[in-house]
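Colleague: Chains as they are written, first to last, in our numbering: chain A, 1 to 346; chain B, 1 to 346; chain C, 1 to 341; chain D, 1 to 341.
Hints are supplied without guarantee of correctness; some may be wrong.
[Said to hold, decoys possible] Within a straight-line C-alpha distance of at most 25 angstroms, the following computed SDA-like cross-link-like pairs (lysine to any residue) qualify: (1) C:K206 x D:E237; (2) D:K152 x B:L40; (3) B:K66 x C:M200; (4) D:K292 x D:A319.
The hints are simulated quantities; they were obtained by calculation from the structure and are not laboratory data. Just so we're clear, the structure is a prediction, and the values are computed from it rather than from any experiment.
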Amino acid sequence: MPWAEALITSKAAGQEVAEEGRVLAYVDALHEALTLALELDPKVFVLGQGVNDPRGMFGVTTDLYKKFGEDRVFDTPLSEEGLTGICAGAALNGTRPVYLHNRPDFLLLTFNQLVSHASKFHYIDNGQNNVPMVVWSAIGRGWGSGSQHSQAIQGFLLGVPGLKIIMPSTPYDAKGLMLAAIADNNPVLIFDHRWNMKAKGVVPEGIYHIPIGKGVYRRRGEDLTIVGTSHTLALALEAMEDLDKEGISADVIDLRTLKPLDEEIIFESLKKTGKILIVDTGPAMAGVCAEIGCLVAEKGFHDLRGPVRRIGLPDSPIPAGFTLEQYYFPDKDRIAKVIREMVSGA
Amino acid sequence: MPWAEALITSKAAGQEVAEEGRVLAYVDALHEALTLALELDPKVFVLGQGVNDPRGMFGVTTDLYKKFGEDRVFDTPLSEEGLTGICAGAALNGTRPVYLHNRPDFLLLTFNQLVSHASKFHYIDNGQNNVPMVVWSAIGRGWGSGSQHSQAIQGFLLGVPGLKIIMPSTPYDAKGLMLAAIADNNPVLIFDHRWNMKAKGVVPEGIYHIPIGKGVYRRRGEDLTIVGTSHTLALALEAMEDLDKEGISADVIDLRTLKPLDEEIIFESLKKTGKILIVDTGPAMAGVCAEIGCLVAEKGFHDLRGPVRRIGLPDSPIPAGFTLEQYYFPDKDRIAKVIREMVSGA
Amino acid sequence: MIRYPYNELEFTFSSSPDETYEADFLIGLYRSMLRIRMIQEAIESRYHEDEMKTPIHLVIGQEATSVGVCAALRTTDQVYSSHRTQGNYLAKGGSLKGMMSELYCRLNGCAGSRGGSMHLLDKSVGYAGSSAIVGGSVPIATGAAFGAQYLKKDQINVVFFGDAATEEGAIWESINFAALKSLPVLYICENNFYSVCSSMEVRQPKVDIYKKAGAFGVNSCRIDGTQVLNVYEATREAVKIARSGGGPTFIESVAYRWRGHGGAGDDSASGYRDPEEVKAWQKFCPIDGLYKDLMKKNLFDETRNSSMKKEIQDEIEEAFQHAINSPNPEEKDLSTYVYSD
Amino acid sequence: MIRYPYNELEFTFSSSPDETYEADFLIGLYRSMLRIRMIQEAIESRYHEDEMKTPIHLVIGQEATSVGVCAALRTTDQVYSSHRTQGNYLAKGGSLKGMMSELYCRLNGCAGSRGGSMHLLDKSVGYAGSSAIVGGSVPIATGAAFGAQYLKKDQINVVFFGDAATEEGAIWESINFAALKSLPVLYICENNFYSVCSSMEVRQPKVDIYKKAGAFGVNSCRIDGTQVLNVYEATREAVKIARSGGGPTFIESVAYRWRGHGGAGDDSASGYRDPEEVKAWQKFCPIDGLYKDLMKKNLFDETRNSSMKKEIQDEIEEAFQHAINSPNPEEKDLSTYVYSD
Ligand SMILES: Cc1ncc(C[n+]2csc(CCOP(=O)(O)OP(=O)(O)O)c2C)c(N)n1
Ligand SMILES: Cc1ncc(C[n+]2csc(CCOP(=O)(O)OP(=O)(O)O)c2C)c(N)n1
Ligand SMILES: [Mg+2]
Ligand SMILES: [Mg+2]
């Protein structure tokens, strides 16, 4: 069963949703967000290799073209760089493209348009133009995705001015942030995680926005602060569930957006706990973990009562085989181990 | 006089070289390195848009093709992505390409080949293949280079496993590191800075290598540690010359290579000074500064006696006009100001 | 050695010699080319002062392409450029004062001094922008055309780029998409045989650029880019097709760059091309050519020519003064417009 | 609806019917295709066990392209692939055991379990590697050809890719370079009309892929990819040209993918293509076709066919056992070969 579907499905099957309200799977929340955006605004269109597949981009776009027509929801040639520029041009000319990719790896083909064009026009054009476009992709993992199909590249892009970067971890946020991204007048990147796609959660009907640039506490505690996003944050929450029994508690902050970054919530929590662990789905080096770690050492230094720690991917390519993968990716146990070290001051 | 040539020239004219030996300009040191490599190894070839220009890539490649023939030194079509892959393929098949670009901005076109291919083959192919290639580019600045011609992107690439990244700041290192890069069996990126090109320094004749991954002290002192590379490090050294008179002294570490990073020298100095300022030619956010800042907060925390500080580019695109540019780029005075704050503990 | 002789070129489209034009229209074309030339020369003559701190890419010798194309467009049609912006911008009607202020890096430059010569902008006349990355604006213009089609705007989008831009893959990605969707976009490839100092020989095999576009499924032709009426007619045809939903056209317009790639003056002496080649092409001056035609047809005379030149000269002087006397940006202007509200 | 009927295709090259071949050669081609088919089917039949934890892209229906091309190559010539590796790898002589161990993610897999199905490798037979990024290996193979030319190796480099890869700009950058430098490289475009579930219709206008390559200055042709001898002859011709310094050839080989894009089984029922289309193409089975030919010419018989199948079946079974019984990698294997000494 390719793409680790089995694992994702079985995990989702065991999930209980505590809050009250309508429960949706992550992927369905995304689907609903796109549906609502397409209904609301005729300027919105959805494109990408595979959006009109029977399986519809993991389910995110299934059958949308049947409802909105192939003018508004369409498959594309395999021309990621060109199409990113085409989206930027269409956005400059009054539309709101939402461009979907199966994998962030494919965005590496588009850095010229993304970094040197889409994100800079508003500035170069002295505010006279803007580029309201969304680029979405799903971080891969497992089943031999390997080094060319499971890269998480948000860290490469964090230093690019003019971009916004979103990484939800719950169905509720996935929907609200997708809608906020489509409504935003800047190029916005959304990285969802393949392994979050079947997670369930309460999702209100209708249109609502999650503010871009605002983190949220997922747990409150005393011993340390854990910050991160997306799937790795979910792992950290699982780790904290285990550690609860050992009497360890933490503020767990889901940043939800990486750029702009909610510095306030990080410093607020750090002031209390004095210790911080940063987790990310991407390389530990020079990316999200590094930025937040440095930020804290710079502006939160006097609150720090122990070394900053980070958990991301090691500085080696991602192996394809499942045995090697298990050693490669951090899991809740490895996260728990680091937390224990931090709390014991080892 | 385009490309800030005037400024670069005038600065170089005032420069005195203290050490003894043969003095060469930075650009001539690079030219000599390429000449020696081409002489030494018939597998080495040099390519890039403009290498056979009369002006020869700022002078780095001037007339090399006359000596070595157009089979070994040649201009290329304007196809950066394709040619990066072509270099990787040629390297896999036994040659040693040295691919030159006028600007790092153009590397943004090549991330797919650089990040997902060249740097990963050795790993994916389980050690059976390697990719000995060098990609060189000169960071631009001034004279309206603007947001698409003066980006310094080393930070985007620092988290990419399998790459090596070199950023020299002296003619001596520029030559020795170019030779080391060409001799290396991995894809190596070299970022030189346009504003270093006319700087002079003592450069031995013949072949020598600077080890990739080793930093060096440029100044020794007590009050703080300054680490960085390339042109911004030169500015920091100028700042320290001024601050000398105020009784402030610093260890100034020229890392020379960013990947692998010489952690040892950083921690050695930090242990003594307790304070660290990181400078870089690229965005302060999520790049070189962030990585080193986080590293120090992680592994050098107990030596830190004050907040980490970083100086890089602000999180906005680079303006073209010279007035705005002056506000945008850090200069020695702004660096000095931060150092004073750090020393006074403000 | 003359590597690229004019008379060895084959063109696949030319204006019909029987077509008659209003005198005013022809004089307008002449004036527009002359004006661009004079502006370019004025910039060139003051560039050494080092006050225009921006890389310039002069269009002297290639004026007919800018003028011929834009004459066939409406104000509401949009033009995108590469780094070689100035001719395109002026032909589309971009404000000269705005441009000069931008070259002088002034606050009231057409891009507020964030862009410089490579990023001119005048939305009021449909000059939509440019990219300093070769080929970079081709996908953008293609996307703008998609936007126009999607929103059912009656609008053509046009992108100018050089011969070397056709070596960038993203151009072919764009052309494929434009052909697939029958987009109202015009690809104007200004083939001047050189990319900085690299001749076509070291960059492309001996094939015709416009034929590549043809194989990708778009109408395409090669025209004499020193003849403004050829450019005009080829564009008019392309515009007609695009407006009626017939999709994109690729026009390879061949004309020679008389000056160096960037900066002021010719740089042929440095050796990458034969100064004789420059001279040979200067015989095919788009402006002189049309002037002689007008004179032959008695549509114009020397007195009108002199007063026209005087008028343009005054306009140029005024624009320079405007720029030089305009304020520089301040530190607070640095960080605006990073994000749009 | 049959969107892409076999009999509406025009081919520009076919093997001469008068050409005579050694019986052993023809039987060898047959065996090679049959073997690939049987291996694919064996993998498919066990894929549901979830022990081959790697995405597979079966080549059933397209075997003739792999086999015909590789039959015209020497062991020292090199082959690169896209994600759809298996047919290319096996036809070039790649170790079956090495491949099966790689599919089972074992330490002794041909890429040590770092690659999986999309990154097979067997340098000993000139199978040089692949990329899971569509189009990614085209520049690589072009560069390998440049390396061969530069080092004066007598070596052809060949790259297989799909129709969708021709939508990636870097392919055209590569082809331009190959034409410019007359590189000894063969571009084998396996056109099966689909990119995952997207048909050509939504990706390219109605133009012929091989003609684009022609316009870029390389020899090009379109062949019937269900006829192994056509593939063989087209490749032989291309190899001859390349070996004598005549430069690259682009071969568009048309054949249908009988199975889904990835994984086991056909997925036509999901609606993106008509199951009738699959059935229609199954009438043009490259293996059956050659088998019937061989029988007609009395070069082969059922007994030999059965024993051949048995032999292959045994080899397959042995390879599976080899893989299943091989050790998994350990943690220490994770971080080797990030850098080369
Ligand atoms: C992607 C990229 N590579 C290289 C450059 C450097 N460069 C600027 S202009 C130019 C020449 C382009 O030639 P062409 O497209 O023929 O236009 P022309 O200058 O002749 O009008 C080059 C190579 C660039 N700006 N962008
Ligand atoms: C750059 C890139 N974009 C998207 C994908 C996802 N993808 C994998 S295979 C494939 C289909 C490619 O179709 P084609 O090139 O025709 O080859 P085929 O699968 O038909 O053999 C796609 C879209 C990818 N791997 N790389
Ligand atoms: Mg040109
Ligand atoms: Mg296909």
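Colleague: Does M200 (chain C) sit within 25 angstroms of K66 (chain B), going by the straight-line distance between their CA atoms?
Modeller: holds, 19 angstroms
Colleague: Hinted pair, alpha-carbon criterion (25 angstroms max): K152 (chain D), L40 (chain B). Please report holds or violated.
Modeller: Judged against 25 angstroms, a Cα distance of about 18 angstroms means the pair holds.
Colleague: Taking 25 angstroms as the top limit, are the C-alpha atoms of K292 (chain D) and A319 (chain D) close enough?
Modeller: violated, 29 angstroms
Colleague: Verify the proposed pairing of K206 (chain C) with E237 (chain D), using a straight-line Cα cut of 25 angstroms.
Modeller: holds, 22 angstroms
The structure does not agree with numbered hint 4 stated previously, though it agrees with all others.
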